[in-house]
Amino acid sequence: MKNILVEKLSLWQLFILIFIFEIGSAAVVSTGNDAKQDAWIALGVAMIFGLGIGLFFHFLLSRAPGKNLFEIFQLCLGKWMGGALIIMYILYFIYIASRVLRDFCELITSFIFEQTPVEFVAITMVVVIIYMLYLGIEVMGRTSEIFIPYFFSFIIIIGIAVFISGEMEFTNLLPILGEGIKPVVKAVFPQLLTFPFGELIAFTLIIPYTSEFKKSKKIILLAVFASGLILIYNAILQIATLGVQMRARSNFPLLSSAREISLLEFIERVDLIVVFIVMYGIIIKVGVFFYGALKGLELLSKRPYRMHVVPLGAIITFLSVKISDNFAEHIEEGLIVVPMFLHIPFQFILPLLILPILLWKTKKSKEGRE
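Take the sequence shown: its position 294, counting from 1, is numbered 293 in numbering that gives the first Met the number 0, and each next residue is one higher.
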C-alpha cells in the first residue's frame, strides 16, 4: 500500500473530537422525548451505558494493538468474509453521515435561509469537510482545538442567558419519575443508547492512531462523561424553557429555547450562536463517519483514502438530499427504523460476535510466540 501516511492524534485532540462528536446533532434535535420531563435522567442513564460502550470498544482494539476495527475484521474473518463485513460498515457510515448532514440542512433551510435550496447547503458543508479530510484527520484535530472554547462557551452562555431572561420554569421538570422508571427505560433503549453513545463505533477507526493508545481509555471515558453532562444540561434547559409538550413538538428545541433570550431589550435573536454550535458539531460528526468509510475503502482498495474523498463526498451529498422527502419522514425514520435495523446490529451485535473470535485468534498468536 503506497503513499499511505501514518497519522497521529494527541490525547487532547481525541478528547475534543469525541466530545464534539457526541454532542453534535444530539444537542439540537429533541432527544429522550419518551421520558418526557425525565429526559435528563434518561440521558444520565444512557451516559453510564455510554461509558461501558467506550470501554468495550477500547478493549476490542487493545486485543490487536495498532489495528483499527476493519483490520480486526480481516484478522478474524479472513480477506473475503472480512472484506464483505467492511463493505457493510462503509455503507452504514455513509448512510449515517448523510442523515447527520440532513439534520443541519433542515435547520438552516427551516430557520435561517428559508429560500435557500437544501442542495446548496449540503454541497457547501461537504466541500469544507472534504478539504479538511483531504488534509488529514490531524487537521481536523488541530482545527477542533481552535474552536472548542467557542463551542463549549456558547452552549453554556445560552443557558445562562435564558435563565437571566426569566424564561426558565423549573417546575416543568416536576414530578421527577412521576410515571415511574418505565418511560426512562423506553427512552434509553434503544434510542439514547444508540444515539449518540453507540455511535462511538466510528472512533474504532481513529483511536488506534492516537499518540498514546494505552492512555486513550481514560480520555474516552472523560470525553463521554463530559459530553453526557452537557447533554443533560441541554435537556434541562430545553424542558425548563419550553415545557415537555413544546419541546416534543419542536424540531430544534435548542434553537427554540435560544429564541426566548431577551436581555436589556437589546440582546435578542441569538440564532447564529446555535447555528455555530450545530455547524461545527455536524462538521465533526459527518467528518468522523466520512473518515471511517474512507479507511474502509483504503483497506480494500490498497490506495490512500485521499483518493476517495471527493467521490465519496459527492455520494454523501446526494444521499443527504434524497434520503427522505421531508423532515417529518426523516425524523420518523431516524427514531424507528435506524436504531433497530442499523444501529443495534452495527454498533453492538456484530462487534460482540467478533469478540470471541478475536480473543481466540490473539490468544493463539500469543501462545505461538511463546
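It is worth saying that the hints were derived from the structure and are not from the lab. A few of these clues could be false.
Cβ pair distances, simulated, as ranges [to be verified]:
#1 Gly242 / Ala327: 18 to 24 Å
#2 Ile356 / Val309: 34 to 40 Å
#3 Thr170 / Ala313: 47 to 53 Å
#4 Leu358 / Arg141: 20 to 26 Å
We treat Cβ as the ideally placed atom computed from N, Cα and C, and that holds for glycine.
Structure versus earlier hints, numbers of those that do not hold, lowest first: 4
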